[in-house]
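J.: The residues making up each chain are set out below.
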Amino acid sequence: MPSVEEILAAVDASDASGGLTSLERLCAECCRMLRIVGAGVALRPEAGRHELIAAAGGVAETLEDVQLTLGEGPGVDAFSQGAPVLESNLAAIDENRWVGFASAAAQAGVGAVFGFPLQIGAIRLGTLNLYRESAGELDDDDLADALRYTDAAILLLLHTRDQRTSATGQYLELDALAHAGPELHQATGMIAIQASIALDAALLILRGYAFSIERPIMEVARDVVAGGLHFHPEDDRHE
Amino acid sequence: MSDRSTSAEDATSYPTRERELARTFSRLANTLVGEVDAVDLMHVLVECSVDLLDNVDAAALILNDQRGHLEVVAATTPQARLIELLALAVAEGPCLDCVNTGEPIVNVSTSETDTRWPRFIQATHEAGHRLSHALPMRLHSQTIGALSLFGSESPPLDKQGQDLGQAFADVATIGLLRGRSLHDRTLLAEQLQATLNNRTLIEQAKGMVAQSSQVSVEEGFMMMLEHSRQVNVPITKVAAAIINGSLEPLDLLSGRSRDPQEH
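Protein chains in written order, with our numbering: chain A, 1 to 239; chain B, 1 to 263.
Read the hints as simulated data drawn from the structure, not as lab findings. As the structure is a prediction and not an experimental result, all values here were calculated from the model. Wrong hints could be hidden among the right ones.
Okay, the calculated bits of chain A under chain B, using three or more residues with CB under 8 Å as the criterion [stated by the list, open to error]:
hint	region
1	25 to 31
2	47 to 61
3	73 to 84
4	190 to 202
Pair ranges (Cβ atoms, derived) [unchecked claim]:
hint	chain 1	residue 1	chain 2	residue 2	range
5	A	I53	B	G68	24 to 30 Å
6	B	S152	A	I53	39 to 45 Å
7	A	P216	B	T113	32 to 38 Å
8	B	P155	A	T160	19 to 25 Å
9	B	R116	A	P216	24 to 30 Å
Residues of chain B placed beyond 10 Å of chain A at every Cβ, according to the derived structure [what the hints assert, rightly or not]:
hint	residue
10	S26
11	E103
12	R138
All residues carry an ideal CB built from backbone N, CA and C; glycine is no exception.
Using the sequences plus the hints, can you model the full thing?
T.: Here it is, written out as structure tokens:
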């Protein structure tokens with residue numbers, strides 16, 4: 001059972017294999033670890049087009065495309081509900097549910113799908129879907145692994161959106177976000193108001209600032225919550 | 001609901017404690033009827049624990065995040081000391097052991113010198129408490145969380161108190177599953193993960209309210225909670241409305257009621 005840190009380290013170490021993005025490598029690792037035939041990450045912005053940005057296994061690519069085209073499936077539901085959608089036996093689901101997706105999945109030989117939202121509170125990024133040939137529930141260990149891969153995928157997505165830190169190629173401090181205390185989220189909300197920006201941008205500013213002054217992000221978050229650090233609109237100016 | 005609480009108050013032949021219990025359970029029933037917001041229910045339950053259990057001054061509900069960590073979902077009076085104590089309690093202490101074993105652990109005293117949890121005992125003492133208890137949120141063979149309680153030197157938690165605390169922990173479990181099948185592992189995972197994310201969303205909204213209204217995050221949360229209860233909208237929805245801009249932090253009812261002209 002790898003921790004989020006170990007998952008990120010494994011993704012980092014698999015760099016040499018050539019050409020694959022970090023999220024594609026994460027999907028491949030996830031397939032190997034959970035013994036499944038496919039994994040896919042789709043971006044689901046509130047405004048704009050939903051798109052597949054990483055997949056491992058041809059099955060995942062096909063079934064992600066089906067979901068994006070038809071607007072139905074575990075990823076669509078997991079995103080709208082803000083909760084995992086665990087469908088352990090596709091052959092037995094209600095015939096009116098996911099009509100197009102279910103038949104495509106059957107054709108692809110997929111017996112079970114597990115959809116996880118990629119979200120941090122109100123920051124909603126997309127979904128990670130897992131595709132397995134055999135029907136059956138995820139046991140506790142597999143569920144824990146799946147949730148840790150979900151956490152790692154959230155962090156990689158944030159990382160790729162942060163030009164300042166992604167340029168270094170290091171996942172510095174990403175693991176700190178995985179076990180963040182409430183102050184991190186409170187500070188994110190405060191910065192959103194201070195700088196008149198969205199929550200996702202506020203979180204990136206917080207992380208980028210901590211990175212640039214080489215302090216742990218949780219320490220900086222506590223400073224923000226205590227009122228000792230302000231971020232101003234339109235730049236990263238702070239005092 | 002109001003008729004139920006009235007009937008409890010009318011029953012003057014009952015001792016005060018039983019009237020309080022009746023009122024508490026009608027309040028809980030109110031929370032469990034219709035759309036259950038697990039975070040709301042958990043805040044009610046920690047408040048009930050402090051109100052109704054003898055010598056319990058602080059309470060928290062803690063959930064297993066299904067990845068091997070514990071997360072605090074609701075706590076009374078989130079003062080800095082309690083937050084620090086709870087941050088430690090999810091890493092070391094009776095709460096963690098209670099979740100791992102499924103067994104209640106009561107009357108852990110800070111005067112114990114030979115302890116399994118030296119850092120927890122120290123932090124409990126520094127937070128001004130002398131006794132702590134952990135009661136499991138059990139669901140068949142697994143333990144999905146715990147009710148963590150703190151009190152002063154004496155009296156210790158007796159059998160009656162432990163039973164009532166356990167009832168609160170059980171109601172938290174039932175509320176998390178929205179009263180649906182207790183056997184459904186899929187439902188548990190869906191509800192538990194949604195609840196944990198809602199807690200994060202509420203933290204983000206707390207920060208927004210605190211910054212907008214120039215108050216502490218604790219005060220910001222109290223404003224959200226009061227508003228939620230006054231307009232009878234789940235706390236998670238109040239938080240989401242603040243984040244998406246449909247509810248201005250300055251329009252929170254409790255914020256307005258501070259204005260003397262409103263009284």
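J.: Look at each hint and say if it fits the structure.
T.: Hint-by-hint comparison with the structure:
Counting residues of the region 25 to 31 of chain A whose CB falls under 8 Å from any CB of chain B gives 0; the rule of at least 3 is not met. Beta-carbon proximity to chain B at under 8 Å applies to 0 residues in the region 47 to 61 of chain A; the threshold of 3 is not reached and the given coverage is violated. Counting residues of the region 73 to 84 of chain A whose beta-carbon sits less than 8 Å from any beta-carbon of chain B gives 4, enough to reach three: the coverage restraint holds. With a threshold of 8 Å between beta carbons, the proposed coverage of the region 190 to 202 of chain A by chain B holds, since 6 of its residues qualify and at least three are required.
At about 28 Å, the CB distance of I53 (chain A) to G68 (chain B) agrees with the hint of 24 to 30 Å. Restraint check, S152 (chain B) to I53 (chain A): a C-beta distance of roughly 55 Å breaks the suggested window 39 to 45 Å. Take P216 (chain A) and T113 (chain B): their Cβ atoms lie about 34 Å apart, and the range 32 to 38 Å holds. A hinted range of 19 to 25 Å for the beta carbons of P155 (chain B) and T160 (chain A) is inconsistent with their spacing of about 57 Å.
A hinted range of 24 to 30 Å holds for the C-beta pair R116 (chain B) and P216 (chain A), which are about 29 Å apart. Distance check on S26 (chain B): its Cβ is at least 30 Å (rounded) from any Cβ of chain A, clearing the 10 Å threshold; non-interface status holds. Against chain A, the non-interface label of E103 (chain B) holds: every CB pair exceeds 10 Å, the least being about 19 Å. Every C-beta of chain A lies more than 10 Å from that of R138 (chain B), the closest at about 15 Å, which supports listing it as non-interface.
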